[in-house]
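Below, each chain spelled out in residue letters.
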Amino acid sequence: MEERWSTEHVLSLAPDAPSCKAAGKLSSPAPWSGTGTDGAALWGECKGSGSTPYRTVVELTTPAYRCSCPSRKFPCKHALGLLLLWSGSPEAVPAGAEPADWAADWLKERQERTEQAAERRTAKAEAAAADPAAARRRAEKRSARVAAGAQELRLRLADRIRHGLADTGGTRSDWEEVAARMVDAQAPGLATKVRELDHTAQGDLLEEYAMLHLLATAYGRVDDLPEALGATVRARVGFTSETAELLAGPTVRDRWQVLGVRDTPDERLTTRRLWLRGAKTGRPALLLAFGRPGQAPDLALPTGQELEAELAFHPGARPLRAVLGTRYGAPQSPGDAVPAGISPAEALAGYGAAVAEDPWTESWPTVLTGVIPVHDIDGWHLTDGRHSLRLHRAGLPEPALWQLAAVSGGRPVTLFGECGHRGFTPVTVWDEHGRPSGLTQ
Amino acid sequence: MTATRTEPAAPADAWEELRTTALLGTDRRPLPAPAGSPALVAAATAVDRTDPATALLELAALTAVRRRAGARPATVPSAGGAAPADPRPELPVAAARRLTVLLDGRAGGAGGTLANLTELLPQWLATARARGFRPPAALLPALLDGARGRSELRGDVVALAGPLGRWLAERNPDWRFVLRTATDAPGPAGPAASEPPGDADGTGSTSTSGDTGAPGDEHRIWHEGLFAERVTHLTRLRRTDPAAGLDLLRGTWPTERAEDRLLFLDALQDGLSPSDEPFLEAALGDRSKNVRATAAELLSTLPGSALATRMAERARAAVRLAGTGHALLVTPPAECDAAMQRDGVAPKSPTGRGERAWWFGEIVAATPLSTWTDDTGLTPARLLGLPVGDAGPDGKGADRADGTWTDDLREGWARAAVRQHDADWARALLGPAPRPGRDGRTTRTAGAPAKLLAVLPASERAAWTAAFIQAHGLGEAFQLLGACATPWTPPLSTAVVAALERAARSGTYPWSHSGVLGMTERALAPEAAPAVEALASDAAPDTAWAETFARLAGTLRFRAAMLAELDV
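Protein chains in written order, with my numbering: chain F, 1 to 441; chain H, 1 to 568.
Among the clues, some could well be false.
Which chain H residues stay away from chain F? Per the calculated CB distances, all over 10 Å, these [said to hold, decoys possible]:
id : residue
1  : G70
2  : R131
3  : L384
Derived Cβ-Cβ restraints for the label pairs, each shown as a range [said to hold, decoys possible]:
id : chain 1 : residue 1 : chain 2 : residue 2 : range
4  : F       : E267      : H       : P530      : 41 to 51 Å
5  : F       : T122      : H       : A35       : 55 to 65 Å
6  : F       : Y328      : H       : P87       : 39 to 49 Å
7  : F       : P18       : H       : E16       : 45 to 55 Å
8  : H       : A35       : F       : D159      : 25 to 35 Å
9  : H       : V568      : F       : P397      : 28 to 38 Å
What the simulated footprint calls covered on chain F by chain H, stretch by stretch (three residues with Cβ under 8 Å from a Cβ of chain H suffice, anywhere in the stretch; the number is not a length) [as the list claims (entries may be wrong)]:
id : region
10 : 298 to 310
11 : 410 to 421
No lab work stands behind these hints: they were computed from the structure. Treat the numbers as computed from the prediction; the structure is a model and nothing was measured. C-beta atoms are modelled at their ideal positions from N, C-alpha and C, and glycine is treated no differently.
Okay, chain F solo, but in the shape it has when bound (with noise of 0.2 Å):
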């Protein structure tokens, strides 16, 4: 029998905020009725205001949901109260039962739309694999398009820092019509950087110019470099590989826990990262999943859990970014709740052996252990009580950072996150019971 979720891993699977507070409203027994669990799926019938109860199925391993009422929102408040209710009283939900048949019926159904899917795939691969000639003419026109972006790129960059970039010649520098004119040259990741030119403090322009500088002569020359940086190069302007690609390529398979997850809303798309680290390997992994507004991302892992699975890496000189393929088993507690770490002049120690492989490199994921928040005048750091890193907000709210000092007391404790050159930012802080908790309230 599998581990249950913990409460902050079914809230997580939230599309928003009311949706938490709806779940837990319905998280209690008393709406419920028919619930059961085989181990792989929960369902139940929630009592409604209308005259029939909806009816919810969640397949835990995707997981994936299914409810016959008419919200919009995905999960639905039912789906995640169930989950709730089965997370918070086991009794409630009993195990070792038959599906019922509505609920049978919707694991079966979407079982063979998966195995479907899959098919299509292999076939949408085949069918590339048919006619290499026109991939690779089609291949070859966008290198030459991303080649002629950067080589702009170079010229906008170089022109500025001729004329001076305190001369802003009389009106505000407007690197947006760059950022477009990357976007037309197919280099989305250069459009990217370009833009961020526009929100820089001064006193970082430089580096920032001259990082991106060396990003576009590398594309410049990107056939000479290495494979391995030649693949990081590309990745970093913006070529993209195709998760069934990926997977058709090598994978690890490891135990992978999960260190920390953080979403990333903007109007149009949520951005989920998930870290992981391999038990037997000690690679580090990120995962990236999207959801649009409305909708959870369609990735979740419980944080502090541990996934057995197959990952395929991202090429690249540092692979950090995978996807995941196949999973053997849901998430289940890891023998060693607390996650082993290093101590902060290690961290930076190794985020320099990233940079030294990967120069675009901005941050890399890092345990420390045994590290004290500490917030004076100049804000906040963390200290093992011989060095300390400067803490970097990077988006946290205020209460996130408080909830850490709260956590900490002042005490020790194990910190996930990334540690870079702007500083340490925080993603997940294990208590003195080894639970973790996430940093983002």
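Put chain H on the given structure of chain F with help from the hints.
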């Protein structure tokens, strides 16, 4: 940012050189010469300098990558102390989750299927505190933020948050209120849950700025605090050491503003004793009329005070037992003289009633109730049963008491009973609880029954209110219910549910009972939940009452679950 890069001076200078050149532009300033470590110089020398702008970007890239890869940790900031250990057991997991939901509820109750959760939060907090639990540390910021905006939660939140809450408050100015909030009743966990008077428990020795318990600090809050904090402080002090409270107030009294004086005076109600009398007597000469009136009211509740004695004299002059002993005869005061005015009687009637009736009422209300029973040897009930009449111009009175002053006298007695917290009189004035099937109004209740009820013990209050509701329904029960202790007793709860059922059958609208319904959600005994469930399922579907009962049932379930989670 520079703090993380404590490097030898030369490379930092090299970076500054590059930055200055970039700011001014390579058209205006030549490229700096390579500098720094031999490896960096070698790499910099290899850069193609044909185009100075491109060369500058390449030099900057070299230096930037070197700086990033070679970043060094900073020195250690002073960490301060750790929070004292909290020996209380942590909240059960389900209760901690419930707290998260309740705290999120502050956004407002738009759901509609449940009561506004913010109304259930105080009950949750009080219960969790009484059970002696400690919330998970990660929830403290949300908890403290919640109490920041709702001062009525502060006592319980601060007690629950315990030593970690204080430790956080010493570091975050937003939570300063924690250091100022009195948590008068210590929780079952003892010192950890209460305001530590010092760091006597030994665990607090690591606290760096825990000076709030020092004796001098009391004076600081009194002298520098905000008005509300000062009132809290005074009230708290009066509960533990009334004389010290009075001394504190006396020390600053002449410089306080009139409206502040009024509320500080009110705070003296706690621990009021004859030793406060000289101060209050002096306050009868205060510049502010309201301060004078409040001082008079306080003095009138002090049996044996000079003011009470003066009032009793006036009362005796105004009311006497007729020679037959079967009636009370009233001679209202003819004027409001200076002495009466000094004792808090306003010369002008604010109610528009006759001035003599007004003065009379004021005198009765300020007279110790024992005056009447002692003088006549009659019980309150007997006195209330006597007919009342005007003594007439000759002071002898008509044979037949005409009832002229009945209401004024009862009203005065009722006010006195409330002021003097006299349960015997309150009971007599309220009369026996009304019985169903009979017109309960035959014994008219003087004054505000809710205020009289508040004087009685909790069980008596509930029983009286239950009987009242059985006889009269919910229409006038709102204030009475508000005077009852929560959760309501099972009989009272049953009476309320039955009255709701009758209201639903009689065709009134639920919203005409919205006040009572809101209170019911918070206060109904858990034992009454099945009855509400039954009402919800029996109500005609898709009616307002069906929805109301369903909502009430849902809220009761929520409340029961919430309390059960704390009952471990």
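Verification of the supplied hints:
1. G70: violated, 6 Å
2. R131: About 18 Å separates R131/H from the closest Cβ of chain F, which puts it past 10 Å; holds.
3. L384: Answer for L384/H: holds, closest chain F Cβ roughly 50 Å.
4. E267/F - P530/H: 41 to 51 Å: holds, 48 Å
5. T122/F - A35/H: 55 to 65 Å: holds, 58 Å
6. Y328/F - P87/H: 39 to 49 Å: holds, 43 Å
7. P18/F - E16/H: 45 to 55 Å: About 51 Å separates the Cβ atoms of P18/F and E16/H, which means 45 to 55 Å holds.
8. A35/H - D159/F: 25 to 35 Å: holds, 26 Å
9. V568/H - P397/F: 28 to 38 Å: Since the Cβ atoms of V568/H and P397/F sit about 33 Å apart, the hinted range of 28 to 38 Å holds.
10. 298 to 310: violated (count 0)
11. 410 to 421: Answer holds; 3 residues pass the 8 Å Cβ test.
Comparing the model with each earlier hint shows violations of hints 1, 10; every other hint is respected.
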